[in-house]
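Colleague: With my numbering, the residue at position 93 of the sequence shown is 93, and numbering never jumps.
Incorrect hints may appear among the rest.
Label pairs and their in silico Cβ distance ranges [to be verified]:
#, residue 1, residue 2, range
1, Trp93, Val30, 16 to 24 Å
2, Leu94, Lys44, 27 to 35 Å
3, Tyr81, Lys44, 19 to 27 Å
4, Leu94, Asn58, 13 to 21 Å
5, Ser38, Asp70, 23 to 31 Å
6, Lys44, Glu87, 16 to 24 Å
7, Ser48, Asp70, 12 to 20 Å
8, Tyr91, Val30, 18 to 26 Å
9, Glu79, Ser38, 32 to 40 Å
10, Asn95, Ser45, 17 to 25 Å
11, Asn95, Ala42, 27 to 35 Å
12, Leu90, Leu69, 17 to 25 Å
13, His77, Ile52, 29 to 37 Å
14, Glu49, Pro84, 27 to 35 Å
For the record, the hints were derived by calculation from the structure and aren't laboratory data.
No residue lacks a Cβ here, since even glycine has one placed at the ideal position from N, Cα and C.
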Amino acid sequence: MTWKLCATEFKKNVYVKDLADRIFSGIPPVFRAGLYHSWAVASKSFPSELRISACSSNNIIMAFSHMSLDICRVQFHPESYMTPFGEQILYNWLNK
């Protein structure tokens, strides 16, 4: 389930909750990320087979992965110049 944010999110801090998530290997636990969205995944109806691995500074889900399948998703733009560790995140995703 998703919900519309009151205002469009832009550049924010992302807080990694699950440092064991392979896409965040070698990434600091807090980093800046480029966000360009006005919708968010709702945490209150979040499926139990998914694990939240990162949130924004205002607690919006920024990354999650499946508990048993090799599936992960980010809600920010790792390819953006506003995401300094984006290249490492993409490398981790491609090589995991």
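Colleague: Determine which of the earlier numbered hints do not hold for this structure and return their numbers in increasing order.
Modeller: Violated hints (numbers, rising): 3, 4, 6, 9, 10, 13; every other hint is consistent with the structure.
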